[in-house]
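Protein sequence lines, in the order shown, are assigned to chains A, B and C. Using our numbering, the letters of the first sequence correspond one by one to residues 1 to 167. Using our numbering, the letters of the second sequence correspond one by one to residues 168 to 673. Using our numbering, the letters of the third sequence correspond one by one to residues 674 to 996.
A few of these clues could be false.
Chain B side only, calculated, beta carbon under 8 Å to chain C, not exhaustive [stated by the list, open to error]:
| no. | residue |
| --- | --- |
| 1 | Ser308 |
| 2 | Gly310 |
| 3 | Phe351 |
| 4 | Ala411 |
| 5 | Ser412 |
| 6 | Ala414 |
| 7 | Gly465 |
| 8 | Asn580 |
| 9 | Gln624 |
| 10 | Leu628 |
| 11 | Gly631 |
Non-contacting residues of chain C with respect to chain A, defined by C-beta distances greater than 12 Å in every case (computed) [to be verified]:
| no. | residue |
| --- | --- |
| 12 | Pro707 |
| 13 | Ile708 |
| 14 | Val742 |
| 15 | Asp763 |
| 16 | Thr815 |
| 17 | Ser954 |
| 18 | Tyr979 |
Just so you know, the hints here were simulated from the structure itself, not pulled from any lab data. Small disclaimer: the values here were computed from a predicted structure and weren't measured. Here a beta-carbon is modelled for each residue, glycine too, at the ideal position from N, C-alpha and C.
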Amino acid sequence: MRYGEIVTAGVLALFSIYLMWKSADLPIGYIEGKGPGGGAWPFWLSAIMLLSCIAVMIKWVRGTSPLSQSDEPFLDGHGWRMLGLVGGGLVGFVALIAVISMYGAIAVFLLYYLRFLGRHSWALSIGLSIATPILFFFFFEGAMRITMPTGLPFTDPVFDFLYEIIY
Amino acid sequence: MEILSLLGSGMLLAVQPLNLLLILLGVTVGLFIGAMPGLGSVNGVAILLPITFLVPPTGAIIFLAAIYYGAMYGGAISSITLGIPGASTAVATTFDGRPLARQGRASLALVTAALASFVGGSVANVIFTLFAPVLASVALSFGPPEIFALMLLAFATFVGLGGDDIAKTIFSICFGLVLGAVGFDQISGAPRLVLFDITGFLQGIGFLVLAIGVYGIGEMLWTIEESRGEVESSNPKMTVRGMASDAAEATRKGWRGMTIGSLLGFFVGILPAAGATPAALMSYGVAKMTSRNPEEFGQGKVDGITAPESANNSASTGSMLPMLTLGIPGSPTTAILLGGMVMWGLTPGPRLFLDEPEFVWGLIGSFYISNIAALLINLAFIPVFIWMLRMPFSILAPMIFVLSIVGGYAAMNDMFDIWLILIFGIGAFVLRRFDYPLAPAVLAIVLGPIAEPTLRQSLLLSSGDLSIFLTRPIAGTITVVALILIFLPALKLLRRGGSKRGDKAA
Amino acid sequence: MLITKRAFLTLSCAAIAATNPGLALAQEWQPRRPIDFVIMAGPGGGADQIARFIQSVAEKMDLSRRPLVPNNKGGGSGAEALLHVSAASDPDHTILVTLNSFFTTPLRQDNLGIDIQTFTPIAMMGVDPFVLWVHAKSGITTVDQFVEKARAMNGEFVMGGTGTGQEDSIVIAFLSGAYDLKIKYIPYDGGGAVARDLAGQQVMATVNNPAEAKGFYEAGDFVPLLAFSDERLMAFPDVPTIRELGHDFSYYNQRAVVGAPGMSEEAAEYYRSVFTKIYESEDWQGYLASESLSPLWMNADEQRAYWAKEVESHRALLAALDS
Numbered sequence: 001m002r003y004g005e006i007v008t009a010g011v012l013a014l015f016s017i018y019l020m021w022k023s024a025d026l027p028i029g030y031i032e033g034k035g036p037g038g039g040a041w042p043f044w045l046s047a048i049m050l051l052s053c054i055a056v057m058i059k060w061v062r063g064t065s066p067l068s069q070s071d072e073p074f075l076d077g078h079g080w081r082m083l084g085l086v087g088g089g090l091v092g093f094v095a096l097i098a099v100i101s102m103y104g105a106i107a108v109f110l111l112y113y114l115r116f117l118g119r120h121s122w123a124l125s126i127g128l129s130i131a132t133p134i135l136f137f138f139f140f141e142g143a144m145r146i147t148m149p150t151g152l153p154f155t156d157p158v159f160d161f162l163y164e165i166i167y
Numbered sequence: 168m169e170i171l172s173l174l175g176s177g178m179l180l181a182v183q184p185l186n187l188l189l190i191l192l193g194v195t196v197g198l199f200i201g202a203m204p205g206l207g208s209v210n211g212v213a214i215l216l217p218i219t220f221l222v223p224p225t226g227a228i229i230f231l232a233a234i235y236y237g238a239m240y241g242g243a244i245s246s247i248t249l250g251i252p253g254a255s256t257a258v259a260t261t262f263d264g265r266p267l268a269r270q271g272r273a274s275l276a277l278v279t280a281a282l283a284s285f286v287g288g289s290v291a292n293v294i295f296t297l298f299a300p301v302l303a304s305v306a307l308s309f310g311p312p313e314i315f316a317l318m319l320l321a322f323a324t325f326v327g328l329g330g331d332d333i334a335k336t337i338f339s340i341c342f343g344l345v346l347g348a349v350g351f352d353q354i355s356g357a358p359r360l361v362l363f364d365i366t367g368f369l370q371g372i373g374f375l376v377l378a379i380g381v382y383g384i385g386e387m388l389w390t391i392e393e394s395r396g397e398v399e400s401s402n403p404k405m406t407v408r409g410m411a412s413d414a415a416e417a418t419r420k421g422w423r424g425m426t427i428g429s430l431l432g433f434f435v436g437i438l439p440a441a442g443a444t445p446a447a448l449m450s451y452g453v454a455k456m457t458s459r460n461p462e463e464f465g466q467g468k469v470d471g472i473t474a475p476e477s478a479n480n481s482a483s484t485g486s487m488l489p490m491l492t493l494g495i496p497g498s499p500t501t502a503i504l505l506g507g508m509v510m511w512g513l514t515p516g517p518r519l520f521l522d523e524p525e526f527v528w529g530l531i532g533s534f535y536i537s538n539i540a541a542l543l544i545n546l547a548f549i550p551v552f553i554w555m556l557r558m559p560f561s562i563l564a565p566m567i568f569v570l571s572i573v574g575g576y577a578a579m580n581d582m583f584d585i586w587l588i589l590i591f592g593i594g595a596f597v598l599r600r601f602d603y604p605l606a607p608a609v610l611a612i613v614l615g616p617i618a619e620p621t622l623r624q625s626l627l628l629s630s631g632d633l634s635i636f637l638t639r640p641i642a643g644t645i646t647v648v649a650l651i652l653i654f655l656p657a658l659k660l661l662r663r664g665g666s667k668r669g670d671k672a673a
Numbered sequence: 674m675l676i677t678k679r680a681f682l683t684l685s686c687a688a689i690a691a692t693n694p695g696l697a698l699a700q701e702w703q704p705r706r707p708i709d710f711v712i713m714a715g716p717g718g719g720a721d722q723i724a725r726f727i728q729s730v731a732e733k734m735d736l737s738r739r740p741l742v743p744n745n746k747g748g749g750s751g752a753e754a755l756l757h758v759s760a761a762s763d764p765d766h767t768i769l770v771t772l773n774s775f776f777t778t779p780l781r782q783d784n785l786g787i788d789i790q791t792f793t794p795i796a797m798m799g800v801d802p803f804v805l806w807v808h809a810k811s812g813i814t815t816v817d818q819f820v821e822k823a824r825a826m827n828g829e830f831v832m833g834g835t836g837t838g839q840e841d842s843i844v845i846a847f848l849s850g851a852y853d854l855k856i857k858y859i860p861y862d863g864g865g866a867v868a869r870d871l872a873g874q875q876v877m878a879t880v881n882n883p884a885e886a887k888g889f890y891e892a893g894d895f896v897p898l899l900a901f902s903d904e905r906l907m908a909f910p911d912v913p914t915i916r917e918l919g920h921d922f923s924y925y926n927q928r929a930v931v932g933a934p935g936m937s938e939e940a941a942e943y944y945r946s947v948f949t950k951i952y953e954s955e956d957w958q959g960y961l962a963s964e965s966l967s968p969l970w971m972n973a974d975e976q977r978a979y980w981a982k983e984v985e986s987h988r989a990l991l992a993a994l995d996s
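Isolated chain A, as found in the complex (with noise of 0.2 Å):
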């Protein structure tokens, strides 16, 4: 965690500074007669973000925080094991909509956690990842008018095939 906190409000800092670079496209100074210009307010409010990060630095260096002190690690090696596997479950999940729609990548993202990551049986899990999508599919579709991604094109006879049932 010490090093985890200086590091990060180093980045947070980086940030800043990009995102006080990045309003300046816009006036930041006071127009007379017109008050503040476009890109003021985010580029003062970032400045203060800056600040705030300088002023963690500041605490870190003098050992005032409780976290510049702290020994224990960012996280350890079960938490870095179920933020790869969780989050990288999540990451896969989104990127498979684009390619098997959002219903089949609910289905395959349920199936991998419920299965592999929950432990649960094989009945259960496949149960629940082709059910959920399915009611998934008639609530938001069908009820709500809200569609879906769909995914690559290879999908479109499967999904030609549900809109007939529910237009």
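With the hints as your guide, set chains B and C onto chain A.
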């Protein structure tokens, strides 16, 4: 007296069999839509469209009012059970609702929210009935300087919301405000802060993207990590008697919050630019500020649920006022309603109350009936929501992830926003490990886009002279109160800073 | 959870049974999936209300086998909508409701790389005129009084609008040029907010579409002074047009429907027939009359020619605005 007879006939209209059926159906549908993260009354009203052609306009509008009420009640449900605010109006409900549910008292939290919603809705209905036309002109006297002063006040009531580390709290507030400025500068009409020149940022960063990221993804990752995968699902029992004693407890401990929320909520709600979210936040802040034990807020205090919940219902009712009396939609939901009214040949605006009394009073009457129906149906469904919480965590967790992603897409209609939700979620998890409070950022992204344009409009009006916030009577009063509120606790905090550290060491 | 979904299933089944289209349009191409009905403005504004009105007429008349799903993409003055439609993966099921930012936004933000001539013309539903409004309590009833007052205040006369480069700012810029006025212009986030702040007398005058100001006009709060249309408006027969005052100028907001670039000709023909039916419907004609829109029906080629003409005239207007 005339008002009472008009209201009476309106209510009679609402309890006709067909209309009553529409109310029950609408409230139920609205309740579940509101409970889904990402979906809100606007989606519910979208279902209304095909149905408006099957029933007479009065029936259609009654159905809409019922959905609107149901969704208002439903917003609290996902805040409490899942910890994800389904709509911006329910953010403040998570602060105390979620901790209470974690303590195994989800039923108390849900009953409290339902009861507070009912009280807020009822108070608002009465004020609405008695003073609608007068209040419309009050709302009009709020120009940009007054709205900005009000936003200042909203921020003021939130000083001290964040964690112990003041620098990190300030960072979080400013971060939320800057994220709210991304996309487009309304005043100069120029694109602004299009980060890394990705065109997806042109549309700005919506409140829901940040909220779902922080609460739906970030909090869940945090919970899974902290619990080492072995979350004890709370196992609350539900009985009618249990609910009755919950209701008694909610009233006893939460009446202060309900009073503050109902009154403050309504008055903030009728202001066209403000709406239910600032109303809920301010009520929470005021309830905390005026409490004898402010430090109990955020730990699952009943007043911390009643204040925002009664306020958001009261304000949602209040926000119908500018729509009906001025013909100005204050929210996407009221905009669709306005479109519907045009279809049925009604002109919303100053003359609506005179020209179409039957329609107006039928609508107001249905507010009363819907409010009662929503309370009863909500209470009846609480066991279902509790049962959901009893699912094993390894089933609940992936379901919440899926709901977050699907709900996020339903609300924003854009894959870019889904990736942003994921980035915010993982970012929030990391920042939370380092004690950065994130609630202030979520609030700031709601208030910032109201505060900045009104600030600059005011300064355009005054040719850059800041005294406009003090010289106009309403704006001046609010500004002075806000400044006092900001500086008093800040001074106290600074003075207390030294002793606090001593306390912790001891 | 299950109970929820069952409830919705029942509901959706009921909805299907109720709205089941009993007709099949005698055409070859039919939409196979819900139609992405993109709106170039945020929810609640004038453009959004018109789009939703069109959608509800389509729904009411059972015109389409698949629903039009409204999709608000108002960001960046409509840039978001233009980018979304240009990049549509399924152009046959993507249509856009436009206003004049269809012309101005690609001109003002040329880094977007949008060429509007690649879009597919479908239907011109009408054009929305602009009118100059003041509050009744200001005591102003004629253009002359307005000009006198604005000149007397010498730069302190406040008008509200929807932002520099937006439709009303073009009209106000023309007005200030023609009468040599110095006007303080306050941008708001939509025409409704502008009308509200005129009603609350936060601003002294506005240039609003009649639809946005109608309620206040009928209640006697607003006074129309001048119409920026070619002919006098039916709803305001006593209000002079700017042409009558000797200025060669008129300005309308287009309310048109266009298809995504790359839409197939069969799909375009299908949508043209659907929107022709909507245009001819009693509901839409009634809407045109009650909200003072002018009809301006055009076929596809005429629409393309109209776009080219509008782009040129907006180029000149925007150049005048910036100088």
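Each hint, compared with the structure:
1. Ser308: 6 Å, holds
2. Gly310: For Gly310(B), the interface hint holds, since the closest Cβ of chain C sits about 4 Å away, which is under 8 Å.
3. Phe351: Nearest chain C Cβ about 5 Å off; hint holds.
4. Ala411: Result: violated, 23 Å to nearest chain C Cβ.
5. Ser412: 26 Å, violated
6. Ala414: Where the cut-off is 8 Å and the nearest Cβ of chain C is about 23 Å from Ala414(B), the hint is violated.
7. Gly465: 29 Å, violated
8. Asn580: 5 Å, holds
9. Gln624: 5 Å, holds
10. Leu628: 6 Å, holds
11. Gly631: 11 Å, violated
12. Pro707: 5 Å, violated
13. Ile708: 9 Å, violated
14. Val742: 6 Å, violated
15. Asp763: Answer for Asp763(C): violated, closest chain A Cβ roughly 8 Å.
16. Thr815: Correct as stated: the minimum Cβ-Cβ distance to chain A is 30 Å, above 12 Å.
17. Ser954: 21 Å, holds
18. Tyr979: 31 Å, holds
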